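Heads up: the protein sequence lines correspond to chains A and B, in order.
Position 135 (the first sequence) corresponds to 134 in numbering that gives the first Met the number 0; numbering is contiguous.
Position 79 (the second sequence) corresponds to 78 in numbering that gives the first Met the number 0; numbering is contiguous.
Heads up, a few of these hints could be off.
[As the list claims (entries may be wrong)] Here are a few chain A residues that face chain B, going by a calculated C-beta distance under 8 Å:
no., residue
1, V20
2, L27
3, E41
4, V44
5, L48
6, I49
7, F115
8, D138
9, F139
10, Y144
11, M159
12, I169
13, S179
14, H180
[Unchecked claim] The calculated SDA-like cross-link candidates involving lysine to any residue, where the alpha carbons are at most 20 Å apart (straight line), are:
no., chain 1, residue 1, chain 2, residue 2
15, B, K56, A, G156
16, B, K56, A, V178
17, A, K125, B, K56
18, A, K125, B, G64
19, B, K56, B, R17
20, B, K56, A, Y172
Hints were generated in silico from the structure; no laboratory data involved.
All of these numbers come straight from a predicted model, not from anything done at the bench.
Each residue gets a CB set at the ideal place from its N, CA and C atoms; glycine is no exception.
Residues per chain, in single letters:
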Amino acid sequence: MPSGEQVQRVERERAFAQYVVPEIDVLLRVATSLTGNLADAEDLVQDTLIRAYRAADRFDGRHPRAWLLTILRNAQRNRVRGRRPELLRDPDTEGHRIEEANPSPSAEGEALAAEFDAVVAEAFAKLPRHMREVVELVDFDGLSYREAADALGVPPGTVMSRLHRARQRIRRYLDDRGVSHRGQVST
Amino acid sequence: MIRFRRRRTMLTCREVGRVLQAHLDGEIEHQKAQAVATHLNGCAGCGLEADVYSEIKAALRRQAGELAPDAVERLRRFGEHLSAHGDDPLSAP
Ligand SMILES: [Zn+2]
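Given only the sequences and the hints, what does the whole structure look like? Please build it.
Now the structure itself:
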């Protein structure tokens, strides 16, 4: 006859394997976006996994990603609170990301495509932090508006307006530099 | 009534402009998304606008770095360890 404690433990392990483990990739992406560097991100995901493990037997199985992102946000808030201000993430010194090469049919097309991506990267770097954050969560990490809202602790409408304004700024930046299209530079 | 419904499915450029980014993000409901898609097919101006934002979105997606595979692996092992041994700090990996 298994004890109540054993049953709880088995249930916790099952929930953890089913809902938490498949989301580790997404959690690490989001944590990297929120902390700005891999070392902190990895620590943050560890905190999140421990918290999720402790709460797993009470999780109802609905929207595991939203549940995990909320746990991650709370863990992040605790970490930030426990730190000295000068150690907080400086948005200007964030790690650079590796650009992927894009196969393109012609050399000229390739150059234009690379220029387009470079100008987008430049425009992105100039965005204020709160805009960059939503762009990272939605466009880099592939979260929905709802999920990004859970990760940031703001309403989905706020995610949407920040994101749309961010992309409008990028668009204007491209226009100002005559790079309005990939593979097509306007004169 | 029928007329009203017809009118509602024909979106103006202004209406499309307001929901264009949400549409490209797959964040609007099916029926509205179809109405937007129909408009984009028939309207050169909005179609071009949609292309620009799709390209920006794709370029941003390419900015995202690859996830460090060793970090993912460490976290998976950490998760397995949690599952197998609980979160007793004395048994930390
Ligand atoms: Zn139109």
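Here is how each hint holds up against the structure:
no.: 1; hint: V20; in the structure: holds, 5 Å
no.: 2; hint: L27; in the structure: holds, 6 Å
no.: 3; hint: E41; in the structure: holds, 5 Å
no.: 4; hint: V44; in the structure: holds, 5 Å
no.: 5; hint: L48; in the structure: holds, 5 Å
no.: 6; hint: I49; in the structure: holds, 5 Å
no.: 7; hint: F115; in the structure: holds, 6 Å
no.: 8; hint: D138; in the structure: holds, 4 Å
no.: 9; hint: F139; in the structure: holds, 4 Å
no.: 10; hint: Y144; in the structure: holds, 5 Å
no.: 11; hint: M159; in the structure: holds, 7 Å
no.: 12; hint: I169; in the structure: holds, 5 Å
no.: 13; hint: S179; in the structure: holds, 6 Å
no.: 14; hint: H180; in the structure: holds, 7 Å
no.: 15; hint: B/K56 to A/G156; in the structure: holds, 19 Å
no.: 16; hint: B/K56 to A/V178; in the structure: holds, 15 Å
no.: 17; hint: A/K125 to B/K56; in the structure: holds, 16 Å
no.: 18; hint: A/K125 to B/G64; in the structure: holds, 18 Å
no.: 19; hint: B/K56 to B/R17; in the structure: holds, 17 Å
no.: 20; hint: B/K56 to A/Y172; in the structure: holds, 14 Å
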